[in-house]
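Asker: Residue strings, one per chain:
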Amino acid sequence: MGGELKTIAGTAAACVAQVLWVLLLAPLVEGLVRKLTARIQSRQGPPIWQGWFDLLKLLGKEDLEAAEVPWLPRAAAFLSLGTLLFMACVLPLGAAPPLGEQTDAILLVHLVTLAGLGALMAGFGAGGTYSLIGSSREVMVMVLLEPLLAVAVVAGAVHRNSLAVAEAARGGVFAAEGFPWSGLVLLVVILLAFPAFVQRVPFDVAEAETEIMEGWLMECSGPTLALFKYTAMLKLVLYSALFVNLFLPWGEGVGGVGAWLWFWVKTGAVIALVATVAAAHARYRTDQAVRWFGMMLAAALGALWLAGLGY
Amino acid sequence: MKAREKERTLRERFGAAIRRTDVTSPGRWCLYVAPEAIREVCRFVFREMDARYVISVGMDDRPYSGRFLVSHNFAFDRDGILAAFLAELPPDRPEIPSIAGEVPAAGWAEREFRDLVGIEPKGHPYPKRLVLPDGWPDGVHPLRKDHAWNEVPEDWDDEVTFRFDDPPEGCTVVPFGPFHPTLDEPAHFRLYVEGETVRGCEYRGFMVHRGIEKLAESVMSYNDIPMLAERICGICGCVHNVAYAQAVESAAGIQPPPRAEYIRTVMLELERLHSHLLWVGLACHILGFDTLFMQAFRIREPLMWIAEKISGNRKTYSLCLVGGVRWEITPPLAAELRGILDRLEKEWNEVAQAVGRDRNIQRRTRGVGMADARLVKELGLLGPVARAAGVDIDCRRDHPYAAYDRVEFDVVVELDGDVWSRVLVRVREVFESIRIIRQCLEKMEPGPIQTPIDEELLPGRIGLSSVEAPRGESHHFVVTGENNRPRRWRVRAPTYQNLQGVPAMIRDQTLADMTIALGSIDPCFSCTDRLETVDLRTGLVKVWSQAELEQLVRARKSH
Amino acid sequence: MSPGQGVIASLLTCLIGAVLCGLTASRRRLTGWLALAVTALSSGLALYAAGKALALGSIEPEMFLKVESLGFALTLHIDGLSAFFILLIASIALPAVFYSIDYMETYPEYGVGRYYPVLLVFVAALYGLVSTTDMMWFFFIFWQMMTIPGFLLIRFEHRRAENRRAALKFLVMMEIACLATMIGAEMLAGAPADGGTGLKYDFASVSSRLPGLLEQRPVWVAVAFGLFLTGFGIKLGMWPFGRVWLPDAHPAAPSPMSAMLSGVMLKTGVYGIMRYFLWLVPLERRAAYPAWEWGAVMTVLGTITLLTGTAGALKQEQTKRLLAFHSIGQLGYILFGVGMAMMLLGMDDPRLEPLAVTAFAGALLHTLHHATFKSLLFLNAGSVLWSAGTQDLNRLGGLARWMPWTAVAALIASFSISGVPGLNGFISKWALYVAGVEGWPAASWLPVCTAIAILTSALTLASFLKFFGAAFLGRSSAWVGQRGRERGRLEVTWRMQTAQWVLAVICVVAGLLPAVTFGLVQLALKAGHDGLGAVFGTMSPATPAFLAGVRTVGHGVVIAVLVVLGIGAGMAVAWLLSRLGGAPRRRVAPWLCGYVTHEDAMRVTAHGLYGHLKSGLSPRGWARMMRPPAPRPRDRRADAPAAGAGSKEFGS
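Residue numbers (numbering that gives the first Met the number 0), protein chains in the order written: chain Y, 0 to 310; chain A, 0 to 558; chain S, 0 to 651.
It is worth saying that the hints were derived from the structure and are not from the lab.
There's no promise every hint is true.
[What the hints assert, rightly or not] What the simulated footprint calls covered on chain Y by chain A, stretch by stretch (three residues with Cβ under 8 Å from a Cβ of chain A suffice, anywhere in the stretch; the number is not a length): (1) 38-45; (2) 65-74; (3) 85-97; (4) 196-205; (5) 208-221.
Everything numeric in this text was worked out from a predicted model, so none of it was measured.
Using N, Cα and C, we set each Cβ at its ideal position, and we do this for glycine too.
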């Protein structure tokens, strides 16, 4: 009994450490991304702490409640951020995750959905014309993105014959018997759709400031907005880490601090890629984005069939 | 003389309805028509003689001729003629047959003189309030001479809201503007959206109507007005400045010295350059492509600096007086300008090639916001919008002014009539502008920059002037008057016509395309509104009411 | 009292109750309470019977009535599977009837004499249908006892032509289904020769005769099974039959009846397929039975059903019609699960059998879960109809402010059907996904079907965001606002609330403690009678790890409680963060760009949502979307000069 208690306490401590780490890291990453973007655009850019400053400022600002049921968007913001914090305990971030034994890859996919669901509840709850248009767009994107991620995970699970995160979502897509065709196709497919997962140009149709004024986010302000901004920052970090886990598992064999550092170097590279792509593209129209994801999904399903055949 | 030939045609057809005619200069033609024949004459001119509709002006001429006047202005672009078809209306019954049924482009202009001058366009297809604010009472017309420039009607009602039409079945009304990131100036579009598709819209603009025309007619002098005119617009102010000066010059028969004309040309083209660069940046911003937005602004910045060096201001050059210009382009400035142009050309080449290769931008702009040649003709669309639809019009070539008849340039025309074509037109016009400025700097001879004007200008003369602004033709109509100020000055910015084409351009487009389609006309609402921007300023806690703001403005004026 | 007697008692209670309710029908509320009492008694008896059957583990058939010359006997065999379905019927019928008491007040112009008695007969028929072993006569009797009352209840509001039409469609389709199933039974039945109870149409007799038939006339058997699949497929809304009757029938009936139709009646189709396809073949003769092939057919049909049903739902703008399409979709999941279980069994690979059990357990669980959340959803839709007086999502909006408790219940149900972790829908879908992914050796395309199922789950979420968002969230529509002002309050009565919340609590508990429901399924499978399906009872599909863990064959684990606690902890952190700055709050109106004020036309209605998705989901719309936009005709000016025209590249 004592031993079990110790294990539980250890797991809890690891969770707290993991959560604190991503909470501290995400705003800094945001600052770095903005700096990088600014450099690409021949600008000076804000200081790298700007992510923190923004959050602190917003946390103290007035919370304007536009919704008829004002607690709903707020609760939705809690849900989004809470889900991502839980994901930080499930996802390998350079080391085995604290809750890896108690969860599986299917849950991971559902957590991604759940985080998005918070955004949608906020948008629908606020009920403004623009927030609903944004929510509608977000749904259209999400409906196609979530299965895309699911296909990658499922392909990994098929190859590895296991749904454990450490198996299916850790380079499992490449674990084919023969040449990893399915893995490569999925790598390309997810890479081409990846900005949508982290809501960046060219796929930020649900926010699209110059069209629908941040869409679902529009009626959020003050702390609620801060939480959603925080969620967006965490998404960038965690989903990039998820991408690294899924598709770039190499070179972490050494273990320990070296592997941890290497993991974050790879994640940083993915984030930098996202920022560069965002700076070099115009936003797609919603129907173009939907069509694009539809084609990606069709390709992914084809790849999954290949995976079923052992490739 | 082509104007005389056209007059003969009209007289043959309409006989006594053509009352008198006045060809003030080779390119300017005024024709007085019996009011009851005006609709038929305009139809004939517009349809059979293929004239381009420019603007309609209503005037309260009662203190001078005892009548109301309406002028329908048309342009014969192939013959280089700007024409005014005037009708005199009795003072007790200011009514005129509406031409909007025959000439759809006149829809707004007739509604405007209905609002402001109180001349009723009989049989107008959509006689709804256009310019006057929501709380303004019916039956009060601010541009009548018996209405003081600073008078607010007693029964102004703050509570009145505009009555919009009902949306079609199954459509959601999406309010778009006045405060929207894509609109840099206030205007309201009531979009009827089904899903994401825009099925139609209603426009409510003129939110910042400043009464500039009234101000000029009431309290300013000929040489004050250029400074007021360029404050019509923050982007293409110099165009209004030059157009006004030219309109007065054309009315009074004044010829500015050649060097002044070259300087006007250089500054106008400088303005076009910065405006097009700005537009490309903003269009990219609308599409979410912020990198090109930032780069365009970086490339544009030296142009602003050289403008400041020449005129003392980045924008709002205060360039013209009647009969000349105020700023000299000295040899060192000319040399610096050449250097800037060289660098601009190089950098713009890179941008142009990047844009040309970018499939992403093309996907967002091809087949979007279509305005074909027919629509251009019907609604009198102008500038890059017209040229992108294959309609080859450009005032610089068709109605030459300043020094444009002494430089070589191509009028850039594309055929598809979509946003992409407008991008192409503007991108390539930048190169043409560079070419024009270089030639001007080459050909400018030393000399005076101002013609002295010794005597008072004769009243009652009509002056027409068209200047090709970056967005299309800016048209100024001036009737000279007493007390060193015009009796009537009417400004028609290109956006005034182009905006009327927007509903057709965005119909059945997605919401996302709507913003870029609107952006593609390079809308300039303040040009259209001709008034000073007074936002509801939010103080720490206080929101200013309309009445308080008015008080504030008045208090300032009395100082 | 034996389980069989219990079921008979329950059935008779319902029938007697029906007569009593018919007698008191002029007094509406009294009749309602009487019907509730009858239902409570019959549900109690049924639950007792089911519980006893599960507890005993193995039950012999019990015969109550026999006419040997016709091969006619009322034999009830309450094995685990039957017990499971009896339990399901009993636990949905009770809240539905309770809900009816107040709900039926909305029909002042229609007498309840045409409601409660018919409903009770309907419930009795359901009990009979899942217990009888007679594949011909009593099957027919119970089927008709279900179909005709169903028909009467669907046309309850008989003054509306569309309801009469819907009911007629239902009747015709059900009779076709009945006919198909009975022809199938006739084809398989023979002389009461070899063993069994000696009755020609008894399940055991047919079962004992089947191996021989399979060897001699496999095609004949295949046709018979094809007829079974058609018959029960029509019943459960399988593609392509579902769309014909189901979306019309559900919205037409009074809402509690819709809940019964979707939550319970469709499940008799599931029961039939499970029973006939898995228990008719004796376990020891399984080699001759093409389980993989039939499984593959069902898996594919299930996948098509779940995708098309849900895609159809996305376009709906009427609450109950939308829910009806989801019934098709969700029943598709169940069919998908049963099909997978059969495919995996058909592989005859001991390593795959635990997965087969997982798939079957998933299907059974989804049957149970769908019954709870879909009945709840229909009750929610009923509440909306009761309060707001319309099924039209475009006219609804902002109901969360007016009826918060119903809103929360509807939110639970919506999330549950969409498979949000922590609620019961996730658990059963999760089991199906696990089986589908890990079952790839059964067919290379099985993971693809699973991925489509996951995609459909996302579509379900989209659709329920529309349902919930359009009805309960957003701004109060003019319609709702007016209704609210007229009535003062819109929230439903406590009786209706109770009925909703009983189901909502089941959704949550089953979602948090899946070990309980898994345990139930395991008991049911262990108590199954002989047949191929009995193989499920011999091995554990899922081992309850500890309190609420669910673990399948070492492949994947989800501890629902832990997930909910973890996310809850994260939400607490978020809450703490949000209070850090002590930000004040202020009520404002949504931003409309600063000129106009809100009006009803500015609400984005259900019609306006998901435009591109809706068009992309129909084949024609998809084709149109994939086509590059056609260039519009160019208007070339004849006299356009060559200058600049035509050249598409710059910088020359």
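Asker: Give a verdict on every hint.
Answerer: Here is how each hint holds up against the structure:
no.: 1; hint: 38-45; result: holds (count 4)
no.: 2; hint: 65-74; result: violated (count 0)
no.: 3; hint: 85-97; result: violated (count 0)
no.: 4; hint: 196-205; result: holds (count 4)
no.: 5; hint: 208-221; result: holds (count 5)
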